[in-house]
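A.B. asks: Just so you know, the sequences run in chain order V and Y. For the first sequence, my numbering begins at 1 and goes up steadily by one. For the second sequence, my numbering begins at 1 and goes up steadily by one.
Take these hints with a grain of salt, some might be off.
[Claimed, not checked] No farther apart than 16 angstroms at their CA atoms in a straight line, the calculated lysine to aspartate or glutamate pairs in the EDC-like style are these:
no.: 1; chain 1: Y; residue 1: Lys3; chain 2: V; residue 2: Asp188
no.: 2; chain 1: Y; residue 1: Lys2; chain 2: V; residue 2: Asp188
no.: 3; chain 1: Y; residue 1: Lys127; chain 2: Y; residue 2: Glu149
no.: 4; chain 1: V; residue 1: Lys66; chain 2: V; residue 2: Asp188
no.: 5; chain 1: Y; residue 1: Lys203; chain 2: V; residue 2: Asp226
Quick caveat, the hints were computed from the structure, so don't treat them as lab data.
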Amino acid sequence: MLFNSIDFAIFLPIVFILYWFATNNNLKLQNFLIVAASYLFYGWWDWRFLSLILFSTIVDYTVGRKLRIEENQTKRKILLWTSILVNLGFLGFFKYYNFFLDNFITAFSFFGSEIKANSLNIILPVGISFYTFQTLSYTIDVYKRKLEPTKDFIAFSAFVSFFPQLVAGPIERATNLLPQFYKKRTFDYSKAVDGMRQILWGLFKKIVIADNCAEYANLIFNNSADYSGSTLVLGALFFTFQIYGDFSGYSDIAIGTSRLFGFNLMQNFNFPYFSRDIAEFWRRWHISLSTWFRDYLYIPLGGSRGGTWMKVRNIFVIFIVSGFWHGANWTFIVWGALNAIYFLPLLLTNNNRNNMGTVAQGKILPSIKELALMLLTFGLTVFAWIFFRANNIEHAFSYVSEIFSSSLFSPIQEFNMKTIKLIFLIIILVVIEWIGRSHMHALEGLPQYRQIVRWMFYIALILMIIIFSGSRQEFIYFQF
Amino acid sequence: MKKFIQNIIIFSIILTIVLVLLDVIVTKGLRKSNAFEFDDLTKIYNSQIDANLVINGSSKALCQIDPKIVDEVLSVQSYNFGMNGTGIELQNLVYNLYRKYNKKPDYIIQIVSSGTLEKNENMHEYKRYAPYLNDSLVREKAQDLNGFEKVDFYIPFIKYSGFSIEVINGFGNFFGIKLPSDTNKKYKGYYAHNAQWNSSFEKFKVTYPNGKEIIIDNKLIKQLDTSIKKAIQEEINFIMIYPPTYYEAQPYITNREKIINTYKAIANNNKILFLDFSSDKITKSKEYFYDSQHLNKKGAEIFTKKLSLRIKDEN
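Chain V on its own, in the form it takes in the complex:
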């Protein structure tokens, strides 16, 4: 079920009413309703893959229970690896089997050996990369004794399958989300209203920005050989806003929806395109994944401690693995490596924590220096997104080489009323996000205005969503 579908528009109020009115605020009933609603939400897409979620849930719940009583370190490690192998096994099979097989065959043929193996026609279960990482965080934290394993199977099932963030995050930590399923939840008016605001902003980003940018970006990326360098630059720019609108829009809807049910999910995007360097960008982009890799991969590898070589190795490992998490394609690996290259100079010169606060805090506009730094960071990001979006690595290089040709200075093709409309919409996005940049989401600061102003703003936003909606596209991150 897509957030931007009529199905969800019917589903959400029904679940909301049942949750607050039919459960009599009984915690167990509320949790059970969440599990049932989540399974329905996921099964709407493909019910067969519900078995995967259920299996992961049972495995991790059982492993957690056994870790609670097991004191023998070797046995504890076996239990931890059981969970890791099961979860990553599913992920590896569904997501990476064909990639490794194809590369294995290519590598052998390079050395003159021909081997025959057939690729499998595998459907990637939606959201597998998200819920797999979420359940893994539980087992690892229980193993490290940072979290008390749960006895409540329904609460644990609700944590694994919680529908607002099941298919595209934020990837919640068990330490944050799971305890919320144990506590009595009462309706909080301000929280619910703010949740509605965040949903509205998420829908604007998805339906108006991402879906419209997608039409243009798809046209240019899919026919890149026909376009001039200047047009390709515009295509990359539109993809940059598409992926932001798409993914951060989803996160906003997920977080807002959770707030309607009394839950607090972690912030997943913190205005990343206002970053002044790449390190800041990565503290602000897909925060739940970045911090997951930081805590469960980067720090166990030694983090930024140790010699220069260790630092370089760890940075490359975390960025390449992060790239590979996105999909079984060399384009994602190059995208990750490129970001590692951007990040490394900052780390090695101890400048990776220079920009920790909000840019131009308390001011209306940034300084010239801040603006220049933001534009430079944005430019580097746009360049990296070309590799992320390209169909394959050859396509990415041909796209880039055409940009750096004389055609960069030729007129932009496909520049028409639609393009102007899209630029106008992007400007609206940037202005609203700039105004709200010190908040958890762009509209969080709205309560300071009078009700009539707020309501007029909401109506204007709804009308913009209706009038400027692009042709409906799936959320990009569903494929990851």
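Here the structure of chain V is known, so what remains is to put chain Y in place on it, guided by the hints.
C.D. replies: Just chain Y now, kept in the frame of chain V:
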């Protein structure tokens, strides 16, 4: 919770009022629109078409039959209802709307082609029908075909979702402001393509190296047959025309002969005139086409003259 529900209800009521108002404004405005996709229906609904010869068809009518030439040769008042990407189902819809609000014609020229009877469940360019969704004929067809969603019929203004330029045009027209995007580029429904041969046929050959078989929908054969019978009953002269297609492209429709024979059979059964220009000498020259299926302005003018003279001779 009470306050939350109360505010949701009040906000929904205000929003609904705004949507109803906008729906009325944009609908009324678009019913005056002369933009490319709206112009024909605007004229139909305002009973502005004074024609005794109407031309029905897809893009093969739209950009191939020039009413100016038809009028000159046959001394009639004609109008071209050709619409891109449509089969007989939508062509019939527009003709029926025409009849609902305008006088009966003496002649119907039905341009047929390989796509006329092809199974197609989409309401092509459905936005042109948005201002008329409350018309029973439009509503019925819109519910049958893919294009509008269920909510478009029940929630005001939602049917204009994504039609930003059209909404602006509708607004402009409602307040009497004619915007540049709302101008008519057609002459009596005809849109000339003053263009050279493009590469679409080359692309088609790559996509379908062994050609393409058109799946004929029996339901559509019946619809065409019914329209003919109805016209005969009303003493309207119904003429079917198969227009020229570039000769090299003809073998790429693998069941082309069968399709033409189907039209011949329908014409014979109903004793109406069927003029087949599919092998006309004009088909041999790229000079007259902008792609393998459509004549350019130069070709369209030659073809319209030839066609009009044949009709004159036959009558």
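A.B. asks: Identify every previously stated hint that the structure contradicts and give their numbers, smallest first.
C.D. replies: 4
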